[in-house]
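Colleague: Sequence:
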Amino acid sequence: MFWGESMETVRLALFRAGLKDFSVFNPFVYSADLYHSNSSDPERLDQMQNCKEWQDKIGKSVHIKDIDKILYYTNPAYFECAYQEGSLASSFAGNTFVKALLLPKNAALLSYLSFAKKIEYYYTDSEEDWETWENEQQNLTTQYFPIFVRLDTVSDEFLQMRYAFLMLRHTFQLVKNTAEKADISYYEKYIKPSKSNTIIKKWALLYKAMMTEGAEGNYLYSLVFDRCHEKKFISYYSFDKSPTMLAKTLQYAQNDHEKGVIRAISIINNPRPQLTNLKKIYPLMPNSPYFYFLVQREINKLEDWLFTSKYSRYRYESEERTNNQNTAKDKQYLQALKVFLQEIYPKTKGEQKDFLAIAIAHLCFMQENMEEGKGYLYNISAAANATILNQKNIELALLTLKTQDIRAEKTQHDFWGNIRQLEKIAQKQPETYKTLHTLLRIACDEYEKIDDLAIGGLLHSKSVYYKYQFDEKMQEWGELLYSEERNVYANIGYFDRKARIKDMDKLIFMLEKKHKTPFETFLCAQTLASTYFYKDVKGTIAFRNSDLKLAYETFRQIPDTFWEKQYQFAGYLNENPFEPLSLSYKDARYFHFPFHKTEFLQELLCYQQEIQMYPQKKADHYLQLGHAYLNCTFWGNSWMMAVYGQSQDGRTNFYSEHLYGSAFGEDKKNREKMFEGNYLKGNLAKKYYLLALQNATNDEQRAMASLMIHICTYKAAFPFGEKNYHAGKSLMDFYTKYAHTAVFESYSCPLLADFVK
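So for the sequence shown, this note's numbering puts the first residue at 287; every next one is plus one.
Where hints are given, some of them may not hold.
The calculated lysine-lysine pairs, modelled on DSS-like cross-linking and capped at a C-alpha distance of 27 Å, are [stated by the list, open to error]:
#	residue 1	residue 2
1	K821	K784
2	K351	K488
3	K904	K1023
4	K788	K835
5	K1023	K903
6	K306	K488
7	K802	K735
8	K403	K475
Note that these hints are calculated values from the structure, not bench results.
All chains, please: the whole structure from these sequences, using the hints.
Modeller: Dropping the structure here:
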C-alpha cells in the first residue's frame, strides 16, 4: 500500500544541462533525498578501465565484454569450482578471456584471478559453500599470507600491484573494527612507487586514506574523490567537512586544483545556498567540471524553492507569510547567482560557455525575463553537447508558453511537438519524466492565467502521469500508486477543486469531440474518467452554486445506474436525505435508500415551487429544505452531494495534493466559503430553519425549527475543534416554550434540560 509521496517525487525541476563528464557526480545531483544515489560510477568508468588494463596485458584479441563478464558478473564460487575441476573451458565456452587465461604463458594471471575470486568470496555474504573448499574462508589469511610476504619475487608489476592491493584491503578489513593500526606497508612499498596510472593505484589510495588520521587523511580522501569515480561516494562520506578540519586540509594542497577540489567536496551535497563558496572555487578551477556541476546544483535548488511551492504544493494559511518571505529571499539569491554567472560568462569558451549560456537563459526565464534570456539562448553553439541542446528545447518550450498566444492552434501544436520530443528522450533517460512533470505544471499555470481551466486541468492530470512515470522508473513504486488510485477521484480532483460550469462545458465538449487537434489528442490520451463522471462534477458544482435547475438538468443526462455502480456513491448516498442524521440517534439506521441525485434535485425544486404556490406549506417545506441541506454538510447522511471525500478530522477530502488535494485544498477560508458556507457551517440549512420558524403556524413546527437551528449553530462551532459555542435563544426556547410538544418529547435530553435550567 502507498501511504504518501516522497519529497523527491513532488520536487519540480527543469534544468538538466551539464558537461559531458557530469555522470561521475551522480550521487550528488540535487535531490530532496539525502543523496540522489549511492552509485558513484553509473557508467562503470573505473571498472571499464580495469578491464582495459587486463586487455592490454593479455592481448587485444580478448574482448572487453568477456573480461567484464568474468571480473564483475561471474559468481566467485562458480568460477573457483570450475577452476579446481579443470572445467573452465567448458563452463565458459566462447569466452575469449578464459581461453587466453588457459594458455600456459598466462598461468600466473590465471592463478592470480583464482586467488582474487577467493578473496571476493571471502568478503561476500553468500550462504553457499564450495564442496571442494569447505574451510577456505576460515583459513584464508593463514593459508595465503605467504603469497604476500613473497611479493618481492613477483616480478610482473601488473600482478605485483594487484596482489599488493588485495593484501592492503585484506589487512584493513582485519583490523577495521579493532584497536589495532592497519599496515600500509603494502601501499608504500609496492603501489606508491609505481609510475603507472593504473586504476589499482587510485583504488589503493582510498585504503591509505582510511589508514591515515587527521587532516592528512582528509586530504587523501580529496585526492581519491578527484582521481577515481567508483570511490567518490565513500570518499565524500568519509571526508570531514567541518570548518576547522577544512582549513587544516587546505594546507596539504599542492596546487589550486587540489584546493578547489577540497572546497568543492565540502559543499557538493550541501542543500543550502553556496554562491559565496562558488566565488571562492571559480578562481581555483575555472575550467573544471566541479565548478559547473555546483552551478547546476544551485539552479536545481532555486527550482525546488521557487517552482515546487508555486506549482505543486498547497500550503496551509499559517505558512503563507513565511513562504512569501522565503520566496523574496530566493528571488534575490537567483538574481545574485545570475549576475555572477554573467560576470564570468565572457571569460569562458567551448562547452563551458555553452553551459553558462543555457544556465543564464534559464535563470532569466525563471525571473519571467524572457527577452534577456533569449539572447543567451540563441548564443548556444549548434555543436553543444546533447544535454545542453535538449535543455535548449526545454527553454524554447518555456518561451512558447510565456510569449505566444497559447489559445492559438499553432502555438499548441508547437508546444505538443516539444513534449513529444521530450517523451522520446524520457524513454531512454527516465529523469526526463520529472522535466515533463514540471513543464506541464507550468503550462497548467499559464492556462489558468488565461482562465482556461479545462485545458489547465488536463495538463495537470497529464503531469501527474509523468510524475509517476518518474517514480516507477527511478524508484520502482510509482506505477503501483498510479494504477491503484488513478481511476477514481484522481481523474476529477483538479476540476472538483477549481473548475466552474464553463470549464466543465468546455472539457466535456473536448472529450466528446470527434475530430481533435493533435494537442487535444495529446491532452485526452491519458487515463480519464467517463464523461458521466465529469457531468457529475458539473452538476455538483451547480449544486454548490445553488443553481438547482442547472444541477437537475445536468444530473438528468446521467443514468441512475451511475450512482449505483460507480465510485463510492452507493456506499455514502444510501439514506433518506430528508431525515436529519442529527436526529437519528434514537432510531436504527438502514442503508438501502435508493438515492439518485436527479430525484433529490427534483424534490428540492418541487419544495421551492410549492413554497411560492402554497404559502400554507411554507413552514413544513422550509423544514424539509433545511433537513436536506443539513444532510449535505459534513455531519449529514448525504455529504457526498457536495464533496467527493472527507477525512476523520473534518477537513474536506484532504488527501495527497498530487491526486486529490481536497476539493478545496488546505485553505480554510476556501473550505468555509464553499457551498455558501453550508458544508462546514450549515449556513443554508440554518437559513431554511430560520425561515421555517418565521413562517410556522404551530408549536410543533416552531419546536423543530428551534431544535434544528441549535444543531446548526452547535455543529458550526466545531468544524476543526474550535470551542466557541454558547447555548443560544433557540435552545432556550426549545426547553422552555416548546416543552409540551411531541417534537420535544422525541428529542429532548434530561441532562441538557437540567443544564438549561
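Colleague: Please go over all the hints and tell whether each is borne out by the structure.
Modeller: Going down the list of hints, with the structure as the test:
1. Pair hint K821 plus K784 holds up; C-alpha atoms about 15 Å apart against a cutoff of 27 Å.
2. For the proposed pair K351 and K488, the alpha carbon gap of about 23 Å is at most 27 Å, so the pair holds.
3. Between K904 and K1023 the CA atoms are separated by roughly 22 Å; this keeps the pair inside 27 Å, and the hint holds.
4. Restraint check for K788 and K835: satisfied, since their Cα atoms lie roughly 16 Å apart, inside the 27 Å limit.
5. Of the supplied pair hints, the one linking K1023 and K903 holds, its CA atoms being roughly 23 Å apart against a limit of 27 Å.
6. The suggested pairing of K306 with K488 holds, with an alpha-carbon distance near 22 Å, which does not exceed 27 Å.
7. Distance restraint check for K802 and K735: the Cα-Cα separation of roughly 23 Å lies within the 27 Å cut-off, and the hinted pair is therefore satisfied.
8. Restraint check for K403 and K475: the C-alpha separation of about 24 Å stays at or below 27 Å, so the hint holds.
Checked against the numbered hints above, the structure violates none of them.
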